[in-house]
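Visitor: Each chain, written out:
Protein chains: 2
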Amino acid sequence: MEKISRTKIVDLLKRTDFGATVNVKGWVRTRRGSKQVNFIALNDGSTINNVQIVVDLANFDEEMLKLITTGACLSVNGNLAESVGSGQAVEVLATGIEVLGACDNTYPLQKKGHSLEFLREVAHLRPRTNTFGAVFRIRHHMAIAIHQFFHDRGFFYFHTPIITASDCEGAGQMFQVTTMNLYDLKKDENGSIDYDNDFFGKQASLTVSGQLEGELAAMSLGSIYTFGPTFRAENSNTPRHLAEFWMIEPEVAFNEIEDNMQLAEDFIKYCIQWALDNCMDDIKFLNDMFDKELIERLKFVLSNGFVRLPYTEGVKILEEAVANGRKFEFPVYWGADLASEHERYLVEEHFKSPVILTDYPKEIKSFYMKQNEDGKTVRAMDVLFPKIGEIIGGSQREEDYEKLTRRAKEMGVPEKDIWWYLDTRRFGTAPHAGFGLGFERLLLFVTGMSNIRDVIPFPRTPRNADF
Amino acid sequence: MEKISRTKIVDLLKRTDFGATVNVKGWVRTRRGSKQVNFIALNDGSTINNVQIVVDLANFDEEMLKLITTGACLSVNGNLAESVGSGQAVEVLATGIEVLGACDNTYPLQKKGHSLEFLREVAHLRPRTNTFGAVFRIRHHMAIAIHQFFHDRGFFYFHTPIITASDCEGAGQMFQVTTMNLYDLKKDENGSIDYDNDFFGKQASLTVSGQLEGELAAMSLGSIYTFGPTFRAENSNTPRHLAEFWMIEPEVAFNEIEDNMQLAEDFIKYCIQWALDNCMDDIKFLNDMFDKELIERLKFVLSNGFVRLPYTEGVKILEEAVANGRKFEFPVYWGADLASEHERYLVEEHFKSPVILTDYPKEIKSFYMKQNEDGKTVRAMDVLFPKIGEIIGGSQREEDYEKLTRRAKEMGVPEKDIWWYLDTRRFGTAPHAGFGLGFERLLLFVTGMSNIRDVIPFPRTPRNADF
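Residue numbers (the UniProt record's numbering), protein chains in the order written: chain A, 1 to 467; chain B, 1 to 467.
Just chain A, with the same shape it has in the complex (with noise of 0.2 Å):
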């Protein structure tokens, strides 16, 4: 077959030189027609659209016909033309054809529609499909969103470390990293185990958040941002929760919780717009496929101001709620940590809106987190969307040296653990402020879909880490 500089189809459906000699490359989805003519569906990834190619069968070996299956990967070179029933512009006339990889009848994703949960257990093929097609080219998109929303601004991307030996935050268990022999674990004189032996010569684990490092970079270079992976091993099975996960966290020095919130809502949108402006073609075959009210919800989303309340008030509301009818299955009172109950009440009943709520209880926070004069809140803000729920966490941080350390020792953080980061408060401190967007929390939102198994390529959760 005569070499021709292959089209990407997402290029090619764009094309209008009808009668230019193309090549295109790809994966069959669906094959049809008469005994005379065929029409094969090949699709390469590019976009979610297919391009037709018109066979006509007596052109073509019966034998290389044969191998012509759904999903057999093909190289065809012909005529580009416009097209009436494909549902698209252009189809190709099919001028060669050569099978690169035929596909026997063994292969799991035939014509026919198959269920998210088997679609999990071939997780090595779904990308293949409509459906996670669409959710890992969204997925591209929201990434390079991030970086070009934080690049445009001034900020620098940072990492921070993965193998960490601190567990400050105390975000939740923890993922133990060793290369210890396990068979022969040697042990001190008090049968302690004796981590002199392993890899960093002390106990090391995956982090749970960049944050406290990425407070390091921002009180030198201003503005950064984080976007790796983090870990929780926690035992929870549910359609929220990975063990593996990507998260955005900025750090800004002088910004004040006003800031933080002004930055969280232009960051959201900003991705949100991004989607509706790139990936219309993808979000509308979700939309119609999952989740009828997801351009609706995406679009609601922009045209609305986020609303800011106190926690307080956030607890107030909810009371009346309960007092006049409403039933939790939680209980509600000042002091609580609010369920996802509660903050989908304030969020998708009452408000009607995005809620940004603030000066949360001390109690229920971090040690890091700022102050208020009042003594009892803290400078806390939780970003709460329709239908997630906790999309955004974040805080103004305690940035004077004096209160910071009372704090961590009223919360059992040992100082020895964090004089690096109490550092930056010894020496040149600032205020500054942050927040972490779980980025599979914004697929979830963006894509419509209800999994959180569905949004990542090779989800992590209790007993499962294959491929």
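Source of the hints: derived by calculation from the structure; they are not laboratory data. Take the hints with a grain of salt, since some may be wrong.
Chain A side only, calculated, beta carbon under 10 Å to chain B, not exhaustive [as the list claims (entries may be wrong)]:
1) K25
2) H147
3) R425
This structure is a prediction, so every number in the text was calculated from the model and none was measured. For each residue, glycine too, the CB sits at the ideal point set by N, CA and C.
Take the given structure of chain A and dock chain B to it, following the hints.
Guide: Coordinates of chain B only, in the frame set by chain A:
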């Protein structure tokens, strides 16, 4: 002090609206002057350049002035003025100064120069130095350049898993990841550790490469790249090795080895061009301080095509050199894995150009590389750079199911561990190719730094996981 909205120093230094009232915030680098007037060099991390603050001492409180020491954090109001003496075009005549954070004389970064070794011990503070500010701003820019390069070319950013239950590449020793209680390890009747009790229900490790999963993605989405942390538990205390580093791995369906070479060359030149276009202030500083040939070397790579040479030819050249009296520490012969000294001879002495070495003996390369028809070599490619040695390693992949499974067997890779990888060859296989770039290797080249610990914020090496 009056509240005026802050201008970042990188922006302030470009302004020409002299007389304007401005606010800058940042950290004191130096303070000098007379009994009447002081000059403060202030830096906020947005650029390597300081802004000079001119302080008429008579207008300010004496106690406050005492706090303006190296490392202190200030908020300064003042009038923008044209500068003659500061080395910059503008300076700020202070009208108000607030000390946000004092800094006593225990601050480790006093005015005098520090060794890079010492700065590694205070890695939490070193981004405040000119050197590490420059390095980490360049690191940011290189990450952005990488995303931009691939995004512009229709590649999708794909997150391969960090925690993996397979070690197919065998690229080195791995870190084990576990939640088991090491004091109470359960064993089965054969005395083997019962991983059914571990988080994933089986033994798990940190990834050494995302390539195999990246191939899955390429065989569905077409063109993808990864950019994430990878891990090697090798006990190598060298200036070139990290236990935790970031890697970029593009993988492209339908690309053959020649396309792969071109992509690698285009990619690396794009990054270097980006650095010269966007990081010149930082690069100039590093050129002057650490590596007087840095800028010259960067421009040299841009202006020369990379030599493309089969391994067999490379070995001939080296053998001739030996015959002509050139001494190497390690022996050269067909079949040997070339040592750094050999690679550098080809690049720096023989060709005086980057070299892409191809078609290596199959015995020294991985099972997944495409086998050449000679039965002896595979379509591997290593990109060799001056000063750095190997900066990229890649190959065309074996797309033939039979050949791939045979080679995996020969090399002792159990089929049960890679059934999902083999599936891509069973179902619609296609030629494809890809490569891996160690991000920190690229940074060594672009910054001119000579120790890899100095181009990543918090290096992880044997016996070191600080911060």
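Visitor: Now look at each hint and say whether the structure bears it out.
Guide: Results for each hint:
Hint on K25(A) holds. Least Cβ distance to chain B is approximately 5 Å, under the 10 Å limit. For H147(A), the suggested interface contact is upheld, since its CB lies about 5 Å from the closest CB of chain B, less than 10 Å. With 10 Å as the threshold, the beta carbon of R425(A) comes within range of chain B, its nearest partner Cβ sitting at about 7 Å, so the hint holds.
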